[in-house]
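For the protein sequence lines, the chains are A and B, in the order given. With the working numbering as the guide, the letters of the first sequence map in order to residues 1 to 353. With the working numbering as the guide, the letters of the second sequence map in order to residues 1001 to 1390.
Incorrect hints may have been included.
Stated by the list, open to error - Calculated cross-link-like contacts (lysine-lysine; reagent style BS3-like; alpha-carbon spacing at most 30 Å):
| id | chain 1 | residue 1 | chain 2 | residue 2 |
| --- | --- | --- | --- | --- |
| 1 | A | Lys-28 | B | Lys-1321 |
| 2 | B | Lys-1321 | A | Lys-22 |
| 3 | B | Lys-1268 | B | Lys-1227 |
| 4 | B | Lys-1014 | A | Lys-105 |
| 5 | B | Lys-1376 | A | Lys-306 |
| 6 | A | Lys-73 | B | Lys-1014 |
| 7 | B | Lys-1345 | B | Lys-1061 |
| 8 | A | Lys-294 | B | Lys-1286 |
| 9 | B | Lys-1376 | B | Lys-1268 |
| 10 | B | Lys-1286 | A | Lys-306 |
| 11 | B | Lys-1100 | A | Lys-94 |
| 12 | B | Lys-1286 | B | Lys-1361 |
| 13 | A | Lys-107 | B | Lys-1111 |
| 14 | B | Lys-1014 | A | Lys-302 |
| 15 | A | Lys-306 | B | Lys-1227 |
| 16 | A | Lys-352 | B | Lys-1376 |
| 17 | A | Lys-22 | B | Lys-1227 |
| 18 | B | Lys-1061 | A | Lys-200 |
| 19 | A | Lys-352 | A | Lys-294 |
| 20 | B | Lys-1053 | B | Lys-1227 |
| 21 | A | Lys-105 | A | Lys-94 |
| 22 | B | Lys-1227 | A | Lys-28 |
| 23 | B | Lys-1199 | A | Lys-200 |
| 24 | B | Lys-1286 | B | Lys-1268 |
Worth flagging that the hints you see were computed from the coordinates, not collected in a lab. Remember, it's a predicted structure, so these values are computed and weren't measured experimentally.
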Amino acid sequence: MATRTDFGPPDYRQMLPPIITKNYGQWKYHERLQPGLLMHVAESGDALYTIRVGSERLLSTDKVREMCDLAEKYCDGYLRFTSRHNVEFLCSDKARVDPLIAELKAKGWPVGGTGHSITNIVHTQGWIHCHTPATDASAVVKSVMDELYQYFGTMDLPGYCRISLACCLNMCGAVHCSDIAILGMHRMVPKINHDIVRTKCELPNVIAACPTGAIRPDPANKSLTVNPDRCMYCGNCYTMCPGMTVADPIGDGISIWVGGKVSNSRSGPAFSRLVVPFLPNNPPRWPETVEVVKMLVETWAKHARKHERMGEWIERIGWERFFEITGLPFTEQMIDDFTMAPETFRTTAAFKW
Amino acid sequence: MSNNGTPMLDDLEKGPWPSFVTDMKQAAAKKPAVNDLMRQLEASYTEKVGHWKHGGIVGVKGYGGGVIGRYSDSPDRFPGVEHFHTIRVNQPAGWFYNTKSLRALCDVWDKHGSGLTNFHGATGDIILLGTTTDQLQPTFDDLAELGFDLGGSGSAMRTPSCCVGPARCEWACFDSLNVVDTVTRTFQDQLHRPMFPYKFKIKVSGCPNDCVAAIARSDMAIIGTWKGNIAIDQTEVTQCAANGMNIQTEVVDMCPTHCMAWDGSTLKIEDRECNRCMHCINLMPKALRPGNERGASILVGGKAPIVHGAMLGWVVVPFIKLEPPYDNLIELVNKIFEWWDENGKMRERLGELINRQGMGKFLKAVGLKPVPQMIKRPRANPYYFWREGV
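Sequences are here, hints too, so could you generate the full structure?
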């Protein structure tokens, strides 16, 4: 039998609950009735209730089936997932909402992640399944969310706060525009295995892949050499060539970046900025990382005005004040020295003491 | 489960947030290989380094991507994960499911793989996490039977994804699900057979809130927007105030263009000055609605740091109407592919190529006229070209 190919994903229209098919494109407004519960009202007067639940992203088929059980019991067999690894139960019958929430709570599944809360952390694979990570993903996320748990199920923060994690700067998770980004970092120059480089790698491509021009031919070894003064440990050479190992138990760890966003609301989309250049990998609970993230959330929550996101708060008070309030030490790594560096230098004599 | 030799993993079952370790243990009860996955992860926690070997090319018949080869670097210690490949499965647009399809998917994965999944991966795909080389083709054959195809990987067009859109959002300025579905079906070849300089991501958000972070991570971000006036229901505005919202400080004072006024009973918007940031609409969904002439802005060049630094997408089409069959959009994508494929170096994303060759060249190549909406401010340096006919 010839293999069928290129038939594309299942048609999303088969996946929509009848209330959505009926009111598609005809939604009028929505309300957040309580943390984790949205009500969307259509022009027709129909109301759809969405119950948002945080998930661990790494799901067993058993857990997915448990989700299906609930969707069948309360939602006529329909559910959806969000871009931040939450699952949403879609209820067209108001009478089923409270029993569903009660059953979710009895199971210990977190209901929340709406409005001014800490919603789920977008993250990558980490040590569970990636070949270039500088840290784990799932364990760090679990540890941070355990500590920030109360903020998932409430909506009392000043504004949105999106936390994301990528386990290396390939950033499958595109964390670089998050209120708080947890980013795995390497700190060691690649260890070169000449045998592998010689036999398995396209040398010109590896040289070209280096963003700082740190890699040069090593004719004597028919291999490559790295200028340690120019290497920024991005790991791009390792992606191109398995003979350029950049992972290291002591060198690898976590950096923290703040103040990014993607929405256009009020201020434009913005990159997150470096505020902690290195924290050690300290499995299984990464206490140093958890402590900094919690401090950042709570400091922002205490000082920001209503609707002000992390970056908007910082822009208002100034970065010099941010470092003072948070007590985070300002280090040389925070002064950019890559391609766009001058854009970040202060070009006015107006600043705060 | 106790005494399984993974004390650090066991610790991660404590605490209120759902634990991925519990899922691994559930999977391990059916699939012994997952015990080795757990033991290898425990070793990573002890040794503070990953244990997956570099890359590895595996796949299924007729496809150049969609499967990520993964091999343990210590198969002697963890034989169950000697090969433990990932399959990217193209999700239905908007991540909606009926449970019949989800259950069928779970059955296939229990039959052929580890029983571990991601809903969803950061790429947007359904991730089936871990199987052996000999099970790849049988997995795909069974997936195809269910109507689930593979997603993108490598130097290909990646699986497009979108926000919840008109399925459940009153702010969707076009049908983001239908656009993603159409683009995905149109470019199956580019999605399944890596032939580009590097990856190419298309992400689609129905309004400027950009719930799928299109501007940050996609080479082509399609973000809903509108022309015309924001519709105001003054009664609902008054109701917001009565419910405790301080319209002056929370809405009017926070408007980035200062185009609003509130006298305690009537909200006025000078729509010509509005930049459609969504703040006021976000705060008062019952009272305010996007204008009637709806479409999208297209931004190109967004990406994460590798190789030459992260970039946000740049506006190149301030406004485009998006209606089936989307010929205008498909034509633009084709022109962009053609120029990038012709000029891009290996591992050069579209934004990096535009940066290297100049936005002017890009706009000319794809037939777009320069307009002020494309820039924050004009250049300050005098080093410009003076080309005939430009």
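Each hint, compared with the structure:
1. Lys-28(A) with Lys-1321(B): holds, 22 Å
2. Lys-1321(B) with Lys-22(A): OK: Lys-1321(B) and Lys-22(A) at ~24 Å, within 30 Å.
3. Lys-1268(B) with Lys-1227(B): holds, 17 Å
4. Lys-1014(B) with Lys-105(A): Holds, at roughly 17 Å.
5. Lys-1376(B) with Lys-306(A): holds, 28 Å
6. Lys-73(A) with Lys-1014(B): Roughly 29 Å between the alpha carbons, so the hint for Lys-73(A) and Lys-1014(B) holds.
7. Lys-1345(B) with Lys-1061(B): holds, 28 Å
8. Lys-294(A) with Lys-1286(B): At roughly 34 Å apart (the allowed maximum being 30 Å), Lys-1286(B) and Lys-294(A) break the hint.
9. Lys-1376(B) with Lys-1268(B): Judged against 30 Å, a Cα distance of about 27 Å means the pair holds.
10. Lys-1286(B) with Lys-306(A): holds, 20 Å
11. Lys-1100(B) with Lys-94(A): holds, 23 Å
12. Lys-1286(B) with Lys-1361(B): violated, 45 Å
13. Lys-107(A) with Lys-1111(B): holds, 27 Å
14. Lys-1014(B) with Lys-302(A): Holds, at about 29 Å.
15. Lys-306(A) with Lys-1227(B): holds, 29 Å
16. Lys-352(A) with Lys-1376(B): Holds, at roughly 27 Å.
17. Lys-22(A) with Lys-1227(B): holds, 27 Å
18. Lys-1061(B) with Lys-200(A): holds, 25 Å
19. Lys-352(A) with Lys-294(A): holds, 26 Å
20. Lys-1053(B) with Lys-1227(B): violated, 52 Å
21. Lys-105(A) with Lys-94(A): Holds, at about 18 Å.
22. Lys-1227(B) with Lys-28(A): Given that 30 Å is the threshold and the Cα spacing comes to 19 Å, the pair holds.
23. Lys-1199(B) with Lys-200(A): Answer holds: Lys-1199(B) to Lys-200(A) is near 22 Å, not above 30 Å.
24. Lys-1286(B) with Lys-1268(B): holds, 16 Å
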